[in-house]
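Enquirer: One-letter residues, chain by chain:
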Amino acid sequence: MTKLNVLRYEIRRLISTKQYLYSLLIISLLTYDVLNRLLIGGFKGTAPFSPWSYSEFLALVISVFSVIVILMWINVFSEKEQKVRGIIFSAPITQSRYYLIKGIAIGLAASLILLVIIILSFGYYYLVYGFSDYGTFIMPMVYFICPSFLISLGLGLFIGKINVKILYLLIPLFLVIGLFNLGLPGLLDLTGGSYLFDHFNYLNLEVIEKYTLTKEFLCSRMILIVLGLCLFGIGCRIKQ
Amino acid sequence: MEIKITNLSKAYRGKNYVLKEINLDLKTPALIGLVGPNGAGKTTLMRLLVSQILPSQGEITVDGYNLFKNQHYLKERLGYLPQDFGLYDELTVEQFLDYIACLKGSKANRKKVINDAIGRTNLDGKRRARIKTLSGGQKQRVGIAQAMLNDPELFIVDEPTVGLDPEERIKFRNLFSENASNKIVILSTHIIDDVESICNRLIVMDHGIILYDGTPTELVQKTVNHVAVVELTGAEQMITEGQYRVVSRLVSPTGVRYRLVGDDLPRSSKLITPTLEDAYVYCMMKGGF
Ligand SMILES: Nc1ncnc2c1ncn2[C@@H]1O[C@H](COP(=O)(O)OP(=O)(O)OP(=O)(O)O)[C@@H](O)[C@H]1O
Ligand SMILES: [Mg+2]
Numbered sequence: 001m002t003k004l005n006v007l008r009y010e011i012r013r014l015i016s017t018k019q020y021l022y023s024l025l026i027i028s029l030l031t032y033d034v035l036n037r038l039l040i041g042g043f044k045g046t047a048p049f050s051p052w053s054y055s056e057f058l059a060l061v062i063s064v065f066s067v068i069v070i071l072m073w074i075n076v077f078s079e080k081e082q083k084v085r086g087i088i089f090s091a092p093i094t095q096s097r098y099y100l101i102k103g104i105a106i107g108l109a110a111s112l113i114l115l116v117i118i119i120l121s122f123g124y125y126y127l128v129y130g131f132s133d134y135g136t137f138i139m140p141m142v143y144f145i146c147p148s149f150l151i152s153l154g155l156g157l158f159i160g161k162i163n164v165k166i167l168y169l170l171i172p173l174f175l176v177i178g179l180f181n182l183g184l185p186g187l188l189d190l191t192g193g194s195y196l197f198d199h200f201n202y203l204n205l206e207v208i209e210k211y212t213l214t215k216e217f218l219c220s221r222m223i224l225i226v227l228g229l230c231l232f233g234i235g236c237r238i239k240q
Numbered sequence: 241m242e243i244k245i246t247n248l249s250k251a252y253r254g255k256n257y258v259l260k261e262i263n264l265d266l267k268t269p270a271l272i273g274l275v276g277p278n279g280a281g282k283t284t285l286m287r288l289l290v291s292q293i294l295p296s297q298g299e300i301t302v303d304g305y306n307l308f309k310n311q312h313y314l315k316e317r318l319g320y321l322p323q324d325f326g327l328y329d330e331l332t333v334e335q336f337l338d339y340i341a342c343l344k345g346s347k348a349n350r351k352k353v354i355n356d357a358i359g360r361t362n363l364d365g366k367r368r369a370r371i372k373t374l375s376g377g378q379k380q381r382v383g384i385a386q387a388m389l390n391d392p393e394l395f396i397v398d399e400p401t402v403g404l405d406p407e408e409r410i411k412f413r414n415l416f417s418e419n420a421s422n423k424i425v426i427l428s429t430h431i432i433d434d435v436e437s438i439c440n441r442l443i444v445m446d447h448g449i450i451l452y453d454g455t456p457t458e459l460v461q462k463t464v465n466h467v468a469v470v471e472l473t474g475a476e477q478m479i480t481e482g483q484y485r486v487v488s489r490l491v492s493p494t495g496v497r498y499r500l501v502g503d504d505l506p507r508s509s510k511l512i513t514p515t516l517e518d519a520y521v522y523c524m525m526k527g528g529f
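Order-wise, the sequence lines are chains A and B.
The first sequence lines up with residues 1 to 240 when you count with the numbering used here.
The second sequence lines up with residues 241 to 529 when you count with the numbering used here.
Looking at chain A on its own, in the form it has when it is part of the complex:
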């Protein structure tokens, strides 16, 4: 039970920082900008509120979101935090348990940001198009949020444990993969943006109506989710 209090403190420490506030601000602006400027005409001719457009929206926003998660991990491994570990690890808590708490705290604090993104986008659709059939967005959310979220959560911990400096490299990596259309293959296409762009060209009207994605893509999404969880699990256990 007392460990839950530790988690509470960790979440509070995360969301009371300036960094968190700025993250929220930037991602809110980005949300508005993507919806209002890039997707106002809809993704490749579909309606702006089609699941396709929403997928494209998520794919773009999620790359910046992943960077926010990585930044949170960078803080965890900063020199300032490491100096507190001398005291923390004199308490009867194992390293894996401690990092599990840190990871859950980051996961929850980041989920809060996600919630803001989603609420903003829903609000936008409602106000601009009077659209409120949000059920159609559930599948896009699963496919385009979960994999990159878990990968950034797992990879951040895994790499941070090995070497903090490499963590910084993940920032441009996530941005490049997410914001540019590099035509990356399934497992490297973390945000799913490349796939979306490519896949769409082969579809006929009938399928577009239905929002169907290829099996290979869904498979790679599954693998990414599992990979993210594995990296997180292994990351917790790596001894520093």
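It cannot be assumed that every hint is accurate.
Unchecked claim - A partial selection of chain B residues facing chain A, derived with a Cβ cut-off under 10 Å: (1) R287; (2) Q311; (3) G319; (4) Y320; (5) Q323; (6) E330; (7) L331; (8) F336; (9) Y339; (10) L343; (11) G345; (12) G383; (13) A387.
What the hints assert, rightly or not - Computed, partial: chain A to chain B, Cβ under 10 Å: (14) N5; (15) R13; (16) K80; (17) K83; (18) I93; (19) T94.
In case anyone wonders, no lab produced these hints; they're calculated from the structure.
Quick caveat, the model's predicted, so the values are computed rather than measured.
Note that beta-carbon positions come from the ideal geometry of N, C-alpha and C, so glycine has one too.
Using the hints provided, position chain B with the ligands relative to the given structure of chain A.
Expert: Okay, now just chain B with the ligands, sitting in the frame of chain A:
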């Protein structure tokens, strides 16, 4: 509680040995002062004792259990203040102590345990202050307070009195010796005075080996007849004979008073009763007893 250290050696990655074949037996009750020059290996020994680093060779057992295989056993009974530590700046004193108390899984009433630690470290006025607004000495006290949570059986503090004003320093060293009757307290320090006033066991280290292990009184006794003063009137006068070390040099209206420690003191000097500081210097000079 009993801690046995056998043939303990430590070399940091690819470097020379900074601890060499240390053997120690620590038993409740004990109030141990660990002294030695910078780089002697005090912090390294303490970090091994709290299992934050692993030894290169040798073994530590706590109540018969191998320390590195039963870290939980030790950590449930441990209060530790590292030499160079950080705190969560954005939390208040009370919150930080609560955070650590939660990690330690306080059995007793947590609020009471925290209040107790705050009271004993004289932080009452600062309990709701954010840690980043505290002075250096106040942060040091927060560090000591967290080590005191749960009234641990093993209390290891690495230079706890740095940054404290003289009055606070005296208060704290008395605090360490309070209720030490059912504990092992190990404190490292550069202030011989602190050791002299509270410790019943003194360990002197240098270059990773133990030069002396015993009571402070015994060390002083070994130094009897090796400490002397000599007063020189003229500034041009020099002492030329003998082999000794100058512990202090005091300028007075009548001349300069030197305090000397050594085996071969000048004939003109007058033997005096040694202090623990003299004894420490003599011990370092001889390279151990
Ligand atoms: N992390 C490290 N990596 C490499 N060498 C280290 C490390 N920590 C300490 N040392 C070396 O080990 C030796 C002993 O250091 P230690 O910190 O134990 O000394 P100390 O007795 O605590 O000194 P001080 O009084 O200055 O605190 C020193 O020579 C130091 O250079
Ligand atoms: Mg030290």
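Enquirer: Does each hint fit the structure? Answer for all of them.
Expert: Right, here's what the structure says about each hint:
{"no.": "1", "hint": "R287", "verdict": "8 Å, holds"}
{"no.": "2", "hint": "Q311", "verdict": "8 Å, holds"}
{"no.": "3", "hint": "G319", "verdict": "8 Å, holds"}
{"no.": "4", "hint": "Y320", "verdict": "4 Å, holds"}
{"no.": "5", "hint": "Q323", "verdict": "9 Å, holds"}
{"no.": "6", "hint": "E330", "verdict": "6 Å, holds"}
{"no.": "7", "hint": "L331", "verdict": "7 Å, holds"}
{"no.": "8", "hint": "F336", "verdict": "9 Å, holds"}
{"no.": "9", "hint": "Y339", "verdict": "5 Å, holds"}
{"no.": "10", "hint": "L343", "verdict": "4 Å, holds"}
{"no.": "11", "hint": "G345", "verdict": "5 Å, holds"}
{"no.": "12", "hint": "G383", "verdict": "7 Å, holds"}
{"no.": "13", "hint": "A387", "verdict": "8 Å, holds"}
{"no.": "14", "hint": "N5", "verdict": "4 Å, holds"}
{"no.": "15", "hint": "R13", "verdict": "6 Å, holds"}
{"no.": "16", "hint": "K80", "verdict": "6 Å, holds"}
{"no.": "17", "hint": "K83", "verdict": "3 Å, holds"}
{"no.": "18", "hint": "I93", "verdict": "5 Å, holds"}
{"no.": "19", "hint": "T94", "verdict": "8 Å, holds"}
Hint compliance for this structure: every hint is met.
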